Amino acid sequence: MDFIDEDFIDHNKNNKNNHKKMEVDQNEELPTKFDMEMTIKYVANHGNDKNDFEYTMTEFLRMSGIYWGTTCLDIMGHLDKLDKKSIIEFIKNCQCKKSGGIAACDSHDPHILYSLSAVQILCIYDALDEIDIPALGKYVQSLQQIDGSFFGDKWGEVDTRFSFCAVAILALTNQMNLIDVDKAVEFVMSCVNPDGGFGSKPYAESHAGLIYCCVGFLSITHNLHRLETEKLAWWLCERQLKSGGLNGRPEKLPDVCYSWWVLSSLTIMGKAHWIDGAKLKEFIISCLDTETGGFSDRPGNMPDIFHTLFGIGALSLLGYENLKKINPTFCMPEEIVSKIYQAQILEY
Amino acid sequence: MIYGYGPIVSIEYSDEYAKIIKCFEKVSSEDDFSEKSFNLTTQAIRYNQFNYNFWIFRRKILKNLKYDPYKELCWCEQLIIENPSNFLSWDHRRIIANLNLSCCTSAQEFSLTKRVLERDAKNYYAWSYRQWIINTFKYTNLGLLTDEMNFTEKFINEDIRNNSAWNQRFFIVSQRGRTDFPLVKKELKFALEKIKLANGNESAWNYMRGLLQTFGSKRLWQFQDLIDYCEHEYNENNNRNQHIMAFLIDSKIESVLDFCESNEFVQTQKIYDLCNDMANKYDKMRKNYWKFVYKQFYYDKIMNRKEKNDVSISGGVTQDETWKGKFGKKLESDKINPHIIVNEECSIEQKIKKKVVTKKKQKNEKEKPIHLGTSILNELMDKYNN
Numbered sequence: 001m002d003f004i005d006e007d008f009i010d011h012n013k014n015n016k017n018n019h020k021k022m023e024v025d026q027n028e029e030l031p032t033k034f035d036m037e038m039t040i041k042y043v044a045n046h047g048n049d050k051n052d053f054e055y056t057m058t059e060f061l062r063m064s065g066i067y068w069g070t071t072c073l074d075i076m077g078h079l080d081k082l083d084k085k086s087i088i089e090f091i092k093n094c095q096c097k098k099s100g101g102i103a104a105c106d107s108h109d110p111h112i113l114y115s116l117s118a119v120q121i122l123c124i125y126d127a128l129d130e131i132d133i134p135a136l137g138k139y140v141q142s143l144q145q146i147d148g149s150f151f152g153d154k155w156g157e158v159d160t161r162f163s164f165c166a167v168a169i170l171a172l173t174n175q176m177n178l179i180d181v182d183k184a185v186e187f188v189m190s191c192v193n194p195d196g197g198f199g200s201k202p203y204a205e206s207h208a209g210l211i212y213c214c215v216g217f218l219s220i221t222h223n224l225h226r227l228e229t230e231k232l233a234w235w236l237c238e239r240q241l242k243s244g245g246l247n248g249r250p251e252k253l254p255d256v257c258y259s260w261w262v263l264s265s266l267t268i269m270g271k272a273h274w275i276d277g278a279k280l281k282e283f284i285i286s287c288l289d290t291e292t293g294g295f296s297d298r299p300g301n302m303p304d305i306f307h308t309l310f311g312i313g314a315l316s317l318l319g320y321e322n323l324k325k326i327n328p329t330f331c332m333p334e335e336i337v338s339k340i341y342q343a344q345i346l347e348y
Numbered sequence: 001m002i003y004g005y006g007p008i009v010s011i012e013y014s015d016e017y018a019k020i021i022k023c024f025e026k027v028s029s030e031d032d033f034s035e036k037s038f039n040l041t042t043q044a045i046r047y048n049q050f051n052y053n054f055w056i057f058r059r060k061i062l063k064n065l066k067y068d069p070y071k072e073l074c075w076c077e078q079l080i081i082e083n084p085s086n087f088l089s090w091d092h093r094r095i096i097a098n099l100n101l102s103c104c105t106s107a108q109e110f111s112l113t114k115r116v117l118e119r120d121a122k123n124y125y126a127w128s129y130r131q132w133i134i135n136t137f138k139y140t141n142l143g144l145l146t147d148e149m150n151f152t153e154k155f156i157n158e159d160i161r162n163n164s165a166w167n168q169r170f171f172i173v174s175q176r177g178r179t180d181f182p183l184v185k186k187e188l189k190f191a192l193e194k195i196k197l198a199n200g201n202e203s204a205w206n207y208m209r210g211l212l213q214t215f216g217s218k219r220l221w222q223f224q225d226l227i228d229y230c231e232h233e234y235n236e237n238n239n240r241n242q243h244i245m246a247f248l249i250d251s252k253i254e255s256v257l258d259f260c261e262s263n264e265f266v267q268t269q270k271i272y273d274l275c276n277d278m279a280n281k282y283d284k285m286r287k288n289y290w291k292f293v294y295k296q297f298y299y300d301k302i303m304n305r306k307e308k309n310d311v312s313i314s315g316g317v318t319q320d321e322t323w324k325g326k327f328g329k330k331l332e333s334d335k336i337n338p339h340i341i342v343n344e345e346c347s348i349e350q351k352i353k354k355k356v357v358t359k360k361k362q363k364n365e366k367e368k369p370i371h372l373g374t375s376i377l378n379e380l381m382d383k384y385n386n
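Chain order of the listed sequences is X and Y. Numbering-wise, the numbering used here puts 161 at position 161 of the first sequence, and it's gapless, one number per residue. Numbering-wise, the numbering used here puts 253 at position 253 of the second sequence, and it's gapless, one number per residue.
Hint data in this document are derived by calculation from the structure and do not stem from the laboratory. Everything numeric in this text was worked out from a predicted model, so none of it was measured. The beta carbon of each residue, even a glycine, is placed where N, CA and C say it ideally should be. Some hints here could point you the wrong way.
[What the hints assert, rightly or not] These stretches of chain Y come out as covered by chain X in the derived footprint (C-beta under 8 Å, 3 or more residues):
1) 138-144
2) 279-289
[Stated by the list, open to error] Chain Y is faced by these chain X residues, among others (derived, beta-carbon under 7 Å):
3) Phe34
4) Lys41
5) Pro194
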């Protein structure tokens, strides 16, 4: 669920030319075919080198890293490339016995983001019973505030991302009764902006990633009727730039991860056909790294597993062949989610 | 790049960091809230400020140790300046400031965000933090909102497409309350001015629409200055900018549905032409959206007529003749729920198809004049079937 990314760094800081729009340079030769084999290898080998400096530095989001990897491989039909047993052991060690919450890594502090990632991984492996579900439920319950919002951890800051994490965890573990859903909905709806979109808090700028969290939240709680669907869907389809790629808010650069957040939101609202799917597909594939496999945020940059998952996820939503169907609300394989929980999706 | 957390500061001593991690794990598992542990978190955060555990443990220590809030805020400020894309440092500052408000001033907090925004004008956290400052200090400093308005104007003048600055402006108007009509009027004028400078600037259009919808209690077609500008641009300057055309479409639709059009038929044709142009020429990427806009408008028009018990649809096709006979019953029983309309997009098409087929049949059987209303539908169906 971590998507705080380069989007928050303005690449055109010194752009004084008010009339120049933000776009990527697509003059270089870019990949046009998706080599799945190479990407499978990239994801499977990711994080294998424990001596790798980056591995140490990213310990604090290890749980999410594993979720990105497992979902990605399952969608590509090769979940077998990862060691199920060691992953489940790892998750068990990350559950805090005191609070019930789950941390990113062993002996780290629990956090709602990593609790969700852990639940998602265990659902994929059909191993939810390997952790203490009631304790986890109590942890999520303890994070709800009086106004219905959720903290990320006990110190917390409030953010609509955490509202999504909370209901997603409780939906997948069948414990929705533990929180005040109506209040939670009230809080999320207090974050709606006049353009139909949502930010992290009331009055915060509409941002595609946060819109996904709020639309996903409303999908899980069956409250999609509260959306100004057409207005929001128009704002979302305006994210598509000439290159076919999608940005996260007006006048920002396109990024592969928005292919997921925008497209999944549109899919939940039954409006995925309002963007040009073919052009988007082209853009996503152009972000493939032909040397190592995997996707980067935009053409020519270094790939990473985060963008790889969202690139693959978006391609699945676009109906790309040889990819399993992905659930737009939970960003998990549809065949897994459909056995556990029925979120609300508006029809095309 | 740490999965989008921002560029990793290049650190040579990975062994050093590994040692720090080991120490950290020891002191945090033992709940060692000593000054030594505190200094360890300072070191650890220096190496890797993206690790949330270091920040959490630091706050646990601060709960138990006496500390100088000024020093802590100063230290945090340095980190924010170094990496303004790390929400952990922003959160930490907000938490410490909230616990020590007597040590903070709005000026100091604003100054920090200003430094960040001067280098990164769209930094999400900085703008969000400014909202926190205003909410925290507005009751003691009444000039804050005016100052912030001027602040956003500076950024908009530098980059007219800075969506964060526009969003902040909307936040300020919201704080002033819904009854400050002179302000809303002034802001609409501001938006129009900026729209004229850059027609393709989504932010200014969204701001204008947001104001009208939330505070203006106005419909789009009532914003006469903007209507005049757009009509002039479209008709005299052959301006086919998407946003101008979108505004013309939306304002015309509103005026027809509000029964404020003297010549509804002409406007309906115009709306069709504009939507058609958007779908096929000027905004092909979103052609399905523009097709939807027209279909939705037509459906709304018909439902409007039913509600008003108006038996004539423009163009001369009477409700009695066409709708009641074949599908009138079905329409009467449909509840007008905008969300059901969305789902019935396809079924409306089916209804229209049926109607056209019936009309064609009737034409063959008997020479009935085809009314203009029907011909629009025929054209529509031809286009959508291609």
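Evaluated hints:
no.	hint	in the structure
1	138-144	violated (count 0)
2	279-289	holds (count 5)
3	Phe34	violated, 21 Å
4	Lys41	violated, 19 Å
5	Pro194	holds, 3 Å
Violated hints, in rising order: 1, 3, 4; the structure is consistent with all others.
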